[in-house]
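Here is how the chains run, residue by residue.
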Amino acid sequence: MSEAGATKKFLYINRKAPYGTIYAWESLEVVLIGAAFEQDVSLLFMDDGVYQLIKGMDTKGIGMKNFSATYSALGDYDVNKIYVDKDALAERGLTLEDLQHLVWEDENEDWAEKDSIRLVSRDEIAGLLEEQDVIFNF
Amino acid sequence: MSEAGATKKFLYINRKAPYGTIYAWESLEVVLIGAAFEQDVSLLFMDDGVYQLIKGMDTKGIGMKNFSATYSALGDYDVNKIYVDKDALAERGLTLEDLQHLVWEDENEDWAEKDSIRLVSRDEIAGLLEEQDVIFNF
Amino acid sequence: MLHIVNKSPFTTTSLESCLRVSKPGATILLIEDGVYGALDGSRVSDAVRAALADRTVCVLGVDAAARGVEGKVLDGIDVVDYDGFVDLVAANDGVQSWL
Amino acid sequence: MLHIVNKSPFTTTSLESCLRVSKPGATILLIEDGVYGALDGSRVSDAVRAALADRTVCVLGVDAAARGVEGKVLDGIDVVDYDGFVDLVAANDGVQSWL
Amino acid sequence: MKFGIMVNEGPYTHQASDSAYFFTKAALDKGHEIFRVFFYHDGVQNGTDFTTPPQDDRNVVKRWSELAQEHDLDLVLCVAAAQRRGLVDEDEQKRHGKDGHNVAPGFRISGLGQLIEAGIQADRLVVFGD
Amino acid sequence: MKFGIMVNEGPYTHQASDSAYFFTKAALDKGHEIFRVFFYHDGVQNGTDFTTPPQDDRNVVKRWSELAQEHDLDLVLCVAAAQRRGLVDEDEQKRHGKDGHNVAPGFRISGLGQLIEAGIQADRLVVFGD
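Protein chains in written order, with my numbering: chain A, 1 to 138; chain B, 1001 to 1138; chain C, 2001 to 2099; chain D, 3001 to 3099; chain E, 4001 to 4130; chain F, 5001 to 5130.
Hints are computed from structural coordinates only; laboratory data are not their basis.
Misleading hints may appear alongside valid ones.
[Said to hold, decoys possible] Short, incomplete list of chain C residues facing chain A, as computed with Cβ under 7 Å: (1) Ser2008; (2) Phe2010; (3) Thr2013; (4) Glu2016; (5) Asp2033; (6) Gly2041; (7) Ser2042; (8) Arg2043; (9) Val2062; (10) Ala2065; (11) Ala2066; (12) Gly2068.
Where is the CB? At the ideal position from N, CA and C, for every residue including glycine.
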């Protein structure tokens, strides 16, 4: 699966709520497969996508697989740039404390545990989009 | 196809724009089939559904069938109560003149041609919903 | 009359349309991604709280729980299960789904 | 950068999100039901007109024609065909679809 | 009470089919009658027995088939929607010369009149979709 | 220039597949290269040859197949999405014991890695969906 040539900047943009549609889950599947290709990967959660990261989901009553644990595994796949739209959180009455605490271990700093989630403003999102080579929309 | 028992009040609610999705077209198919069942039928166009009635559509460039002529045939099927949300028109910058002129012939008045479209307010829509036996959502 | 809303009020205008034309005495049931409309502290909470003055608002508990938001539901909103959903349909003369 | 919007701005918040984070110099292309955002005299026309000050806004002509609204497009919005759509993608470094 | 159910979206992408299933099951468990479940638009995809969902996911199609068998449910796929979207029973296979048929047990293909009839005969029509 | 195309919705219900088709065709006509068209989510339904659309409607599936043949296009259906949604080629038919196979000419079933590869290899990725 190795690729010749330079690494590309990949951004996965998640704008939809989980469970009502499958996009959140099928986006995660792409991210996990994509991790093997060693690109420079970022995830952006904006609009209703911020709901994907809420903690304490219990899907037993709707018979669907609860995939929220997968987000906390992303750090192990070197997916540790997880951007969350702070305005989207605010207008939904949510704070960072409502979301899962996602971390990764920095091998350059003796495997120190670091936060993966970074709250971003609209200007930072605009900048983030502009610097990407490829954007996947979910 | 005749049914025993009293006639029911059927309301078809169309809230989606044409062509972007097929719901407008597949709603019309139900209305046409349903006409044979001789129920008391009304159609309501609200939200983006009001776009379905705009005149002058030309679908050649997108390779889809232009089904807008079917609306003008509804009168021949005794479907002549066509309600349009006036607020929805206004916020879209549209007026009655932007829509097709839909008519029917009243056999009780020597086949006089009458308008099928009635502009309704939110209160009238609320009342219309309450008086229905069955609502089909598209 | 029973109104069913299954879309997030932050993404689509379904809840807004529902609130606009539902009558005093009506019941509004929030299911699927519609449950986000039941939460406190959001941009739409005031509109939903206002509706509670003359309408009944319910939320499907299993859909709220799946999304991790069962504990954030506004005071005054009834949490129902699928049995309750069935009862609401049976108890109301008409059903309108705001798809 | 090219932003593609394919949803009606009266039903979903896609155009709003696009306008919120697109940068001066960016190009916004309205296709499918997104073409309704290009029309004059609507609730969203002012926001789109404001975007024209520092961004390019285009509409896919065949989608506007299909919907009977080609004649109502705001002054300053470019009407393009599929060839023009391809050119826009080629001319811009990145593409973001606001699905 | 007699319910009619309309399902407008296929399995997995939207929750609509899940919601319709749990509603139907709850109604039956409470002793109500389901006059018919009518699948329209992409909803006809609920009736394909060509699916093989992952082991850790629910099997939406099979769940409908089993509920139909248990309760003698009438699950109807709209013929026009089915033809557009690739749902084929043995009759349609012969008529259109396809390499197989994919309608799951318990489902049948029929016309839109079946939806109208559900509207007339049932005390309530509940629509699930996107 | 080299384009990758991603299609997230099936035929007929949403316009996404139509838009992707016309975009792909226009790009080819202008001399661009289409590295791959990847069908994900309900998009895999574009690859079923069980459809029989009405005479007065376009045939979305056939149009893709013909474009693929003309231009040697690589049309890939995501295997996980295909299994959930009932798209089966001859291999999958044998493996899962289905009553037929329904993948249209020009389409092939493969993994999500094909999408990532399109992102890496193509100069632009254009996503069509709902």
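Consistency of the hints with the structure:
no.: 1; hint: Ser2008; verdict: holds (5 Å)
no.: 2; hint: Phe2010; verdict: holds (6 Å)
no.: 3; hint: Thr2013; verdict: violated (14 Å)
no.: 4; hint: Glu2016; verdict: violated (15 Å)
no.: 5; hint: Asp2033; verdict: holds (3 Å)
no.: 6; hint: Gly2041; verdict: holds (3 Å)
no.: 7; hint: Ser2042; verdict: holds (4 Å)
no.: 8; hint: Arg2043; verdict: holds (4 Å)
no.: 9; hint: Val2062; verdict: holds (3 Å)
no.: 10; hint: Ala2065; verdict: holds (5 Å)
no.: 11; hint: Ala2066; verdict: holds (4 Å)
no.: 12; hint: Gly2068; verdict: holds (4 Å)
Violation of the numbered hints given earlier is confined to hints 3 and 4; the remaining hints are satisfied by the structure.
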